[in-house]
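Here the structure of chain A is known, so what remains is to put chain B in place on it, guided by the hints.
Protein chains in written order, with numbering that gives the first Met the number 0: chain A, 0 to 616; chain B, 0 to 297.
Some hints could be false.
In silico EDC-like links for lysine to aspartate or glutamate, alpha-carbon gap of 20 Å or less [stated by the list, open to error]:
hint, chain 1, residue 1, chain 2, residue 2
1, B, Lys-44, A, Glu-273
2, A, Lys-272, B, Asp-195
3, A, Lys-199, A, Glu-209
4, A, Lys-272, B, Glu-77
With the C-beta cut set under 10 Å, the calculated list includes, among others, these residues of chain A facing chain B [claimed, not checked]:
hint, residue
5, Ala-79
6, Arg-84
7, Thr-232
8, Glu-281
9, Val-370
10, Glu-402
With the Cβ distance kept under 7 Å, some of the chain B side facing chain A (calculated, not the full set) [to be verified]:
hint, residue
11, Tyr-3
12, Ile-12
13, Glu-13
14, Lys-44
15, Trp-47
16, Ala-49
17, Lys-81
18, Ala-130
19, Asp-133
20, Ala-139
21, Arg-159
22, Trp-163
Note that these hints are calculated values from the structure, not bench results.
Computed from a prediction, not measured in an experiment: that's the story for all the values here.
Just so you know, even glycine gets a beta-carbon here, dropped at the ideal spot from N, CA and C.
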Amino acid sequence: MQDVLRFITCGSVDDGKSTLIGRLLWESKQVFEDHLSALERDSTRYGTQGDAIDFALLVDGLQSEREQSITIDVAYRFFATPRRRFIVADTPGHEQYTRNMATGASTSELAVLVVNAGKGLMVQTHRHARIVSLLGIRHLVMAINKMDLVEWDEEVFEKIVEEFRPVAHQLGFQSFQPIPVSALNGDNITERSEAAPWYKGPALLRYLEEVDATTDVPDLKFRMAVQLVNRPTHDFRGYCGRIASGAAKPGDRVRVVPGGQETKIRSIVGWQKELPSAAAGESITLCLADEVDVSRGSVLVSAADPVDLSDQFEARVICLSGHHLVAGRSYLMNLHTSQAVATITAIKHRVDVRTGSHEAARALEMNDIGVVNLSTDRPVPFEPYERCRRLGSFILVDRITNETVGAGMIDFSLRRAANIHWQHVDIDKQARARQKLQQPVCLWFTGLSASGKSTIANLLEKRLFAAGKHTYMLDGDNVRHGLNRDLGFTEADRAENIRRVTEVAKLLVDAGLVTIVSFISPYRAERELARSRFEAGEFIEVFVDTPLAICEQRDPKGLYAKARRGELRNFTGIDSGYEPPVAPEIHLHTDSESVEQCVDRILHFLEQGIREKGKEQ
Amino acid sequence: MSGYLASLEAESIEILREAVALAEKPVMMYSIGKDSSVMLHLARKAFWPAPPPFPLLHVDTTWKFREMIEFRNRIARECGMKLLVHTNHKRKAEGVNPFTYDSDTYTGLMKTEALKQALDEGQFDLIIGGARRDEEKSRAKERIFSFRSPGHRWDPKLQRPELWNIYNARIHPGESIRVFPLSNWTEADIWQYIADENIEIVKLYFAAMRPVVRRSNQWIMVDDERMPLDPGEVPEMRMVRFRTLGCYPLTAAIESTATTIAEIVEETQTARTSERQGRLIDHDQAGSMEKKKVEGYF
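Same shape as in the complex, but just chain A (with noise of 0.2 Å):
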């Protein structure tokens, strides 16, 4: 049976929840003599019961709350019986506090509904029960109150609890106990009355000192968030934080996400002692047998068990100020232990909570819960909600106020559930340009062996860099050395090397970025077919014309030598041909110009096509 009971009471406005929460405190004998001499003083002055004890007053704590009767803030309350400890969070009803409700359910296991007999069920009780169970409470202890005001008919209980059932079982309680009470006379408080011979069942408090309210959840293997890295000095470097989940012992094989390094547990330090085990729940630091990259906000978890991965969620969020969470906006989203920017790319829907059903909307505005698609902009160690709180909870943050905007749970990562589709995300080839102030294009060099096309491409870069421009190159060396390693000389080896090089530059091209190509590429038709694959003013022909005599001259690597000797087999202008542009953009003369001529030429046709480009727009 657990130690302690974490409950929070909730309900519409004038329901009697301060009222029942003082009652609690008072018949579990918590309340001191000085207390209930101020309470005396009090219930005179501000209280609503005439001279009688105004057991509210013991619980509403601020000055700003006591002049208006009613509960601003979320407040904790703490007492025991012989058989458990309670913590309580006693929560606002009023409809824009319901943000603190939602706080004090985040730490909650059960929640007691107070209905007011008279009124019935409300909007709040609908609203309250729905955000108790998206925080993942299954047990509600439904207290019907000021039953002695309706006369403990029997009858306006039934119904509200008949009314009430279908809800709670579409909500997903695992428990629902309703029991009708007074506050204020104490009936059904401590021990059941006599008021109501009717009702079989517990009284309040009995039933709380009792209900078994663990939740059922997966049995997890060992897993722990980092909070930080403890290194006192250069031999002891240990790993602290708390464990979430599952069991740890030295010798344990565990892995880091991110990163994938696995390595032993080499010790669990505690205090003034190394520990032979720890388990959920427990603040530990861990000590590790190999160097691996560990931060905060990385996760421990068990090798044989790990955690996913992901930058693409869906989730269930609550809006907590009055500034609207809006598709599209970014926010610094605290997970766990770690901190991703994570921008919310849809709202999928917005909860009704009187009902549950799904409502379009462009924006949650504050005490709104809606399901959104989030993307991180790097991928984070994860759990769903529903099988961890701890590393399925999070929170997101305004990065410009540092208010607390909105809480979420994960329901899952968009990239591992194969029937979500992909959400369409609005960043083009046009928006990385734009990112990089750059206008995207392949510049296509082409010529013999040692014409010059590498020495020229080089230098281009080289100047390109030097301005800010976000470049890449590709050469025939580079390429053949990994990509193309399984392609010869033949022609079809050597159409196909051209192939893949064309959808490599078109992918940097989409990628914003100023791609270079050098490559003997000796035929016409293939160099068409590049062109072919961009767009218009995309492909720039480099026609590097150097004399074959010349090439041959400077033969840097002595492969003229060796065709020439028989030992080189189709090598373009000895024993295979080559097919110079018929119109490229631009005609190089090596034999004329120098190295710096020909950047400084391609660099002007760049800024003037970048000044074309400006006067069409």
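The following block gives chain B in isolation, referenced to the frame of chain A:
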């Protein structure tokens, strides 16, 4: 240790580690009382084998019990932590004292104003304090990570929602965060933990024969010669102890025979008055703690 105390300890250690991970320049308030002793013990556990990576700050009104000051200096030495002591010397020089000034004014100047001076001087962005939610009604509404506007003000209506164990400590320059790792502890938990962990506390918590005078139905200890006695008032020796410790003229003793931790735990469990009942400053007016908190009091 019971499962319940172990879970409170684990939660507090988690909070202390978050505080250090999220702050640039944290500091821990150290008031020398039993809660401070527990908090310091938890901090030493949280960062073991390193000493806690922040200094201790004591706001010294110069009206603390003498035993408290001796205890403070010795404990700081033993922990290997830096101890910062701040006194509002300006007000002290102006003659502010707990006898001729009303407790509200005295506390406002020697505690709240002094605290703000020390925090501004140290440029601390995160301040760890030992307040508990069960102590007083306005504290029951306090967050674990509590946001303070420039000027160290607490606006109960502007507090950030705090869900699960996720804390938002992001602030702009001039703002600060106060962190309360003992939020969910009760007085009984504190005593039980002190007993289980054998934590050293100031001897004033244990009953002994001490010189006291009776004022407004409370026992006030005559700790030194600065205490002005009314005509005809003669200190008498009584078996008393303190449930909380503050400035000696403002902290009343209770009659007690509890000379061991076990006896104190026993006494606490059957107590019919709250521990802050001996704190004179809480009774100034309705909502007085809320008002002090708004102004920056811990």
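Verification of the supplied hints:
1. Proposed proximity of Lys-44/B and Glu-273/A is supported: the alpha carbons are some 12 Å apart, at most 20 Å.
2. Simply put, Lys-272/A and Asp-195/B have alpha-carbon atoms about 17 Å apart, close enough for the 20 Å limit, and the pair holds.
3. For the proposed pair Lys-199/A and Glu-209/A, the alpha carbon gap of about 16 Å is at most 20 Å, so the pair holds.
4. A threshold of 20 Å between alpha carbons decides the hint, and for Lys-272/A with Glu-77/B the separation of about 19 Å falls inside it, so the pair holds.
5. A least Cβ separation of about 8 Å between Ala-79/A and chain B falls short of the 10 Å threshold, and the interface hint therefore holds.
6. The interface hint given for Arg-84/A is met, as the beta carbon of that residue sits about 6 Å from the closest beta carbon of chain B, less than 10 Å.
7. This hint holds: Thr-232/A has a C-beta 8 Å from the nearest C-beta of chain B, less than the 10 Å allowed.
8. Nearest Cβ of chain B to the Cβ of Glu-281/A: about 5 Å, under the 10 Å cut. The hint holds.
9. With its C-beta approaching chain B no nearer than about 18 Å, Val-370/A sits outside the 10 Å limit, and its interface hint is violated.
10. Because the beta carbon of Glu-402/A sits about 7 Å from the nearest beta carbon in chain B, less than 10 Å, this interface hint is met.
11. For Tyr-3/B, the suggested interface contact is upheld, since its CB lies about 4 Å from the closest CB of chain A, less than 7 Å.
12. Interface hint status for Ile-12/B: upheld, as the beta-carbon distance to the closest one in chain A is roughly 4 Å, under 7 Å.
13. Hint status for Glu-13/B relative to chain A: holds, with the closest Cβ pair at about 5 Å, below 7 Å.
14. Among the interface hints, the one on Lys-44/B holds; its C-beta lies about 5 Å from the nearest C-beta in chain A, closer than the 7 Å criterion.
15. Interface restraint check for Trp-47/B: the shortest CB-CB distance to chain A comes to about 6 Å, inside 7 Å, so the restraint holds.
16. Residue-level restraint check for Ala-49/B holds (minimum Cβ-Cβ distance to chain A is 3 Å; threshold 7 Å).
17. Annotation: interface hint on Lys-81/B violated; nearest CB of chain A at approximately 15 Å, more than 7 Å.
18. With a cut of 7 Å, the hint placing Ala-130/B at the interface with chain A is violated, because the nearest CB-to-CB distance is about 12 Å.
19. At about 5 Å, the closest approach between the beta carbon of Asp-133/B and any beta carbon in chain A falls short of 7 Å, and the interface hint on this residue holds.
20. The restraint placing Ala-139/B at the interface with chain A holds, with a minimum CB-CB distance near 4 Å, inside the 7 Å limit.
21. With 7 Å as the threshold, the beta carbon of Arg-159/B comes within range of chain A, its nearest partner Cβ sitting at about 4 Å, so the hint holds.
22. Given the 7 Å rule on beta carbons, the hint for Trp-163/B holds: about 5 Å separates it from the nearest Cβ of chain A.
Hints 9, 17, 18 from the earlier list are contradicted by this structure; the remaining hints agree with it.
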